[in-house]
Structures are given as C-alpha cells and as structure tokens.
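Student: Chains A and B supply the protein sequences, listed in that same order.
Quick note: the first sequence uses this note's numbering, first residue 32, plus one each step.
Quick note: the second sequence uses this note's numbering, first residue 32, plus one each step.
Some hints could be false.
Same chains, same label: a pair holds when it works inside one copy or across any pair of copies.
[Stated by the list, open to error] Calculated lysine-lysine pairs in the DSBU-like style (CA-CA distance at most 30 Å, straight line): (1) 144 x 239; (2) 35 x 94; (3) 178 x 235; (4) 35 x 235; (5) 178 x 34; (6) 235 x 142; (7) 178 x 239; (8) 228 x 178; (9) 55 x 178; (10) 55 x 94.
Treat the hints as calculated values from the structure; they're not laboratory data.
Protein chains: 2
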Amino acid sequence: MEKKGILLVISGFSGAGKGTLVKKLMETYDEYALSVSMTTRAPREGEQEGVHYFFTDRERFEKTIAEDGLIEYAQYCGNYYGTPRAYVESQLARGSNVILEIEMQGALQIKQKIPEALLLFVTPPSAAELERRLVGRGTETPEVIAKRLARAYEESEGMDAYDYIVVNDVLEECVEEVHRLVDAARCEPIRRTEFIKEITEELKGFAKGAE
Amino acid sequence: MEKKGILLVISGFSGAGKGTLVKKLMETYDEYALSVSMTTRAPREGEQEGVHYFFTDRERFEKTIAEDGLIEYAQYCGNYYGTPRAYVESQLARGSNVILEIEMQGALQIKQKIPEALLLFVTPPSAAELERRLVGRGTETPEVIAKRLARAYEESEGMDAYDYIVVNDVLEECVEEVHRLVDAARCEPIRRTEFIKEITEELKGFAKGAE
C-alpha cells in the first residue's frame with residue numbers, strides 16, 4: 032500500500048480548540064509534521080527560520096507564486112503568507128502526515144488543487160459551548176466575541192465541504208478520533224490510486240490470459 | 032449526535048472473503064444487522080420466513096416495487112429478489128448498522144437513492160492472491176475461475192465509486208478496519224446533517240442577537 036503521508040487541512044470555528052488539538056496530536060504521534068509557512072514579514076524576537084516561518088522578501092515570494100511553488104497564499108497587512116509546496120511534498124514523501132491549520136477559504140483552495148488532501152472541520156459540541164469557551168478565555172471584549180460568533184455562523188454554512196466534521200468535546204478523545212480519521216481516509220479510493228491501478232493491471236493480465 | 036444506524040453496502044471480488052467478513056463482523060459487534068431480502072422464489076428446505084428471506088408472490092412483489100417499497104431489486108432465473116425498504120429503515124431507526132452484501136450495480140443503485148449509504152469494496156491484497164483463493168477452494172473448474180477473474184477485472188474499473196476500499200488480508204484486522212470505517216463515516220457531513228443544521232441555527236441566533 033502507499034506509504035505517502037496525508038496532507039491534513041484543519042479548520043474550525045475560532046474557539047473550537049484547533050491549536051491545542053494539533054499540539055496534542057503532534058505530541059502523541061510521531062507521524063505528523065506541521066507545515067511551515069513562508070512570509071515576507073520580518074522575523075519577531077525568538078522566531079527561527081524554518082521552524083516558525085521561512086522568511087523571504089517580496090521579490091522571491093512573487094517568484095515562488097509565479098512558479099506555482101505555493102499551494103495557497105494570501106496577503107495580510109501588506110505581507111504575504113503562503114504554504115510552500117516543496118516543503119509539504121518532501122514531508123509527505125517521507126511518510127509524514129503534514130498538518131496545515133488554515134481558515135475555510137484557504138482550505139477549499141487547497142482541496143481544488145490537491146483533491147487527495149484531507150479536510151477536517153473542528154467544532155465544539157454546540158454554539159452555546161463555543162460562546163462559553165470564547166467568554167472563558169477572558170481576553171476578548173464582548174464586541175470581539177460577537178464578531179467571532181457571527182463569523183462562525185458564516186463558516187457553519189461551509190462545513191459540509193469538508194471531508195469530516197470533528198466534534199471537540201473531550202480533547203484526548205478528539206485527538207484519537209482525528210488519528211482514526213486519518214487512518215480511515217487511507218482507505219478512500221482517492222488515496223488508494225496506486226493499489227487500484229496495480230490490481231486492475233494485474234487482473235487485466237489474468238483476463239487476457241484466459242481469453 | 033445522530034443515533035441512527037448506517038446502511039453498509041458491501042461488495043467485492045468473488046473470492047475476496049465478503050461472506051466470512053460479514054459473519055465475523057456480526058459475531059464481534061452487536062450493532063450490526065443483516066438485511067433480509069424479499070423474493071418470489073419458493074422456500075428451500077430449512078429456509079425460514081424473515082430470517083433467510085421474506086417470501087412472497089409476484090403480484091405482491093410488483094405492488095411493492097410500484098409503491099417504492101424496495102431500495103433495489105433484480106430478476107434472476109425468473110424470480111424477483113429485492114431489499115425491502117421498511118425492514119432496513121426500521122433497523123436503522125433502532126440504531127443498528129444494516130449490512131447489505133450486494134454486487135456492484137445494485138450498490139451503485141443504492142448510492143443514488145440513499146446518498147448516506149456507506150459503500151465498501153472488499154479486495155484481497157493482490158490479483159495473484161485472489162486467484163490463489165479461488166483455486167484453493169477446490170470447488171470450481173478452471174473455466175469458472177477464469178470467468179470470475181474476468182468479472183473481477185470489469186469490477187476493478189468501478190472500485191473508485193465506493194467510499195472505501197478494504198483490503199482483506201488478515202480477517203481479524205479486516206473486521207476491525209471495517210468497524211473503524213463505519214465509525215469514521217459517522218463524521219462525514221452527509222451523516223452529520225442534523226448536527227450541522229442545529230449548530231448553524233444556534234449560531235444564527237447568536238449572530239442575530241449581536242446585531
């Protein structure tokens with residue numbers, strides 16, 4: 032069977048616990064790697080090249096875009112951010128599942144370019160719980176919380192474009208579920224193309240031999 | 032979350048070990064039920080009504096077709112065979128996963144009518160292994176084996192219409208894999224429609240409240 036890793040695109044409501052989930056998943060299993068973004072923004076104190084970001088300038092970033100070297104990119108506050116194809120592909124080739132934590136529009140962009148990417152949408156068990164978590168952080172004003180809930184409503188309309196909806200209730204269970212889903216996804220025909228091709232060819236040989 | 036069972040449609044090459052797999056799955060887990068077909072053929076020695084088949088006559092069978100009471104049906108040797116909708120739906124409603132072991136064309140018919148049905152295709156690890164198993168049975172002539180392999184080649188072209196490809200190498204592992212796939216399938220948006228609807232409505236309420 033194919034040994035290649037799976038490109039795991041994780042989105043979800045702000046407050047759904049994606050960051051903690053990804054962290055715990057990486058701590059629990061060896062076979063996951065986090066995608067490292069490329070950016071034109073200046074490094075901040077303590078940020079390391081190749082760990083937090085690949086730092087570059089506008090000229091080289093735009094050259095990379097032109098060469099189709101990014102699987103998705105966007106601009107924020109005058110800086111480019113993108114996902115370098117080469118890094119993702121080398122990790123996948125070594126058999127690591129590469130995690131990309133990214134918002135909905137970027138996720139759907141990736142699905143179009145890379146149909147075998149696995150898209151997970153992380154959600155709390157209910158909207159009331161989402162609100163509780165956002166309020167519980169104690170770091171955001173009621174206005175910001177209201178904005179995030181309004182944004183969550185918009186995103187809820189796009190959830191069904193994802194491969195799986197993951198309910199993050201108990202963190203440890205959710206980590207196990209995500210890991211099982213990645214395993215299950217390996218059985219989808221789109222990720223068994225090599226196997227299907229091989230057995231079809233082999234059967235064709237038998238069928239011809241029998242004629 | 033939804034408690035409804037999943038309609039599990041199992042196809043696969045002749046010789047892939049579907050029958051043994053289904054038997055073992057039912058023995059290992061309580062939550063599976065086997066679909067019982069309706070037929071116009073006469074009961075054979077030892078066959079029980081409602082266990083092996085629902086026996087009926089042509090007139091009632093055709094009435095059931097007309098009332099859309101079958102999720103699929105076909106004729107073989109002048110007799111009707113079909114899957115009664117009512118039985119499947121009552122089992123699903125009680126939370127059982129209903130297993131339907133059926134060939135490819137019937138399976139694809141069902142997927143069209145019931146998009147949330149889960150289609151599994153069972154295959155040995157290779158065509159050589161398939162041949163070994165068919166020969167190993169010692170019950171079929173070389174001509175029959177050649178026909179089955181030719182049929183397998185035809186079917187291999189349709190494998191990618193299935194939700195998952197299950198490689199049946201070691202039986203016990205395969206049973207576990209099927210069970211995990213059914214679990215994973217519960218996270219697909221098509222089987223989380225209730226949840227998506229509820230959280231969308233709830234978020235809409237929050238979004239409106241914030242306006």
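Student: Honestly, which of those hints from before does the structure not fit?
Tutor: 1, 5 and 10
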